[in-house]
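Chemist: Here are the chains, one letter per residue:
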Amino acid sequence: MTIRIVHYINQFFAGIGGEEKADHKPEVREGAVGPGIAFQQAFGEEAKIVATVICGDSYFNENMAAATDEVIGMIEKNKPDLVLCGPAFNAGRYGIACGAVAEAVVDRLGVPVVSGMYPENPGVDLYKKSAYIIETSNSAAGMRKAVAPMARLALKLARGEEIGSPEEEGYIPRGIRQNQFASERGSKRAVEMLIKKLKGEEYTTEYPMPVFDRVTPGAAIKDIKKAKIALVSSGGPVPKGNPDRIESSSASKFGKYSLQGIDDLNPENSETAHGGYDPVYANEDLDRVLPVDVLKEMEREGEIGSLHEYWYATVGNGTSVANAKRFAAEIAKDLLAAGVDGVILTST
Amino acid sequence: MVHMCTVVPISLTVGANRIVPTVAIPHPLGNPSLSREDEKKLRRKLVEKALNALQTEVTGQTVFE
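Protein sequences, first through last, are from chains A and B. The first sequence begins at 0 in numbering that gives the first Met the number 0 and counts up by one. The second sequence begins at 0 in numbering that gives the first Met the number 0 and counts up by one.
Be aware that one or more of the hints could be misleading.
[Stated by the list, open to error] Result set (EDC-like, lysine to aspartate or glutamate): computed pairs, CA atoms no more than 20 Å apart in a straight line: (1) A/K295 to B/E36; (2) A/K295 to B/E38; (3) A/K225 to B/E47; (4) A/K225 to B/E56; (5) B/K44 to A/D262; (6) A/K332 to A/E298.
[What the hints assert, rightly or not] One-sided and incomplete, this derived list gives chain A residues near chain B with beta-carbon spacing under 10 Å: (7) M208; (8) P216; (9) A219; (10) I220; (11) I228; (12) V231; (13) Y276; (14) D286; (15) V288; (16) L289; (17) G317; (18) V320; (19) L344.
Rather than coming from a laboratory, the hints here were simulated on the basis of the structure. Note that beta-carbon positions come from the ideal geometry of N, C-alpha and C, so glycine has one too.
Looking at chain A on its own, in the form it has when it is part of the complex:
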């Protein structure tokens, strides 16, 4: 029996048009369209792209809920055994559309999905848990290279075969742990890894850590008595009542608050928004998280040039690296514009 496949693509790959046609409403066409033709060749006789659903990227992203419903309706009518989305390469809105369609197909129709994206496509972080996303290059020039692993994985999924590791199949790690039997016990594997590491030999960790970037240290401050110092904190120190409603975990924002007229933090003027640690001590005396009292004192004594008029606060609890990076970039820009020479960042 031939495997039935429905393919989701955007207006550009359907040949309808570029940005000027990005508001194109969902439509369905019989058979393979655009990149679908290369996929059909890769599938041969075993699978057939029975229909292609096309939607403009802007239309999809601006009407996410309605567009998802329409697209899913069109897909469902064609009774697919598997759905292909994209590949979207590094096109952000296309990636998000592919991811949202993939998630809805898996959740609502219970049909497996294969998509393809460049690792930095925002659709990856949002939807890699829902679908297999084959790693592609960042532009459509990588179409040929994307088709083979996407088609291979699609056939495997449709046949109900066991899916290998991300390295074996070429998909972006989904953050899903799978039990497996190892021939050696953990302690032995760990010691063997350690010995390899000590010898400077190559080894493969079983638990990769996320990659954090490194920055060159800033130059030392020459004259602290003339320097403008600013306070930044991930411990959630906010004015009483948390005016910006910074979330107690997985913060989506940071706040900027004036220190004018404040010489000391106390339960009347401030509190912590941070969840995940006992807030009693911080709420009793927020100087324990953000040392305003001491720095104001040192400013009066001339021990520092001045204390920047604003403090910046977010909550570090469960906050994504991507969000933290964005906050940092915005805060740094503000600090530079204000002529700040040094920053004390406090964390709980």
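Starting from the known structure of chain A, fit chain B onto it as the hints suggest.
Modeler: Same frame as chain A, but now just chain B:
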């Protein structure tokens, strides 16, 4: 920038270059078991250490114990 925090390994992992270890997770710059006066002295000491770190040239990640 100087990072004042209690869990120094996290600070090292995320890449801070000047690190001053602090008292405890829920009260990095204080100690509720001390009198208010002594607690403020402790805080001032830590802040002075942080300012000292800002005035120190470093070439890589440095913990100011």
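Chemist: Under the criterion that the straight-line Cα-Cα distance not exceed 20 Å, is the pair A/K225, B/E47 satisfied?
Modeler: Measuring from Cα to Cα gives roughly 15 Å; hence the hint holds.
Chemist: Answer holds if the nearest beta-carbon of chain B is closer than 10 Å to that of A/V231; otherwise answer violated.
Modeler: Given a least distance of 8 Å, the restraint on A/V231 holds.
Chemist: Has the given pair, A/K295 with B/E38, been kept, meaning a C-alpha gap of at most 20 Å?
Modeler: holds, 16 Å
Chemist: Could you check if A/P216 really has its C-beta closer than 10 Å to a C-beta on chain B?
Modeler: Result: holds, 4 Å to nearest chain B Cβ.
Chemist: Using Cβ atoms only, decide whether A/L289 comes closer than 10 Å to chain B, and label the hint accordingly.
Modeler: Holds, about 8 Å.
Chemist: Would you settle whether the hint for A/I228 is holds or violated, based on the nearest Cβ-Cβ distance to chain B being less than 10 Å?
Modeler: With a minimum Cβ separation of about 7 Å from chain B (threshold 10 Å), the hint on A/I228 holds.
Chemist: Using Cβ atoms only, decide whether A/A219 comes closer than 10 Å to chain B, and label the hint accordingly.
Modeler: holds, 4 Å
Chemist: Take the shortest C-beta to C-beta distance between A/L344 and chain B; is it under 10 Å?
Modeler: With a closest approach of 5 Å, the A/L344 hint holds.
Chemist: Decide if the proposed pair is consistent with the structure: B/K44 and A/D262, CA atoms, cutoff 20 Å inclusive.
Modeler: With a Cα-Cα distance of about 18 Å, the restraint between B/K44 and A/D262 holds, given a limit of 20 Å.
Chemist: Please verify that hint: A/I220, Cβ, nearest Cβ of chain B, below 10 Å or not.
Modeler: Constraint on A/I220 satisfied, holds at 5 Å.
Chemist: For A/K295 and B/E36, compute the direct alpha-carbon distance and say whether it is at most 20 Å.
Modeler: The hint holds at about 16 Å.
Chemist: Using Cβ atoms only, decide whether A/V288 comes closer than 10 Å to chain B, and label the hint accordingly.
Modeler: The hint holds - A/V288 has a Cβ within 10 Å of chain B, the shortest such distance being about 6 Å.
In summary, the structure is inconsistent with hints 6, 17 from the numbered list given earlier, while agreeing with the others.
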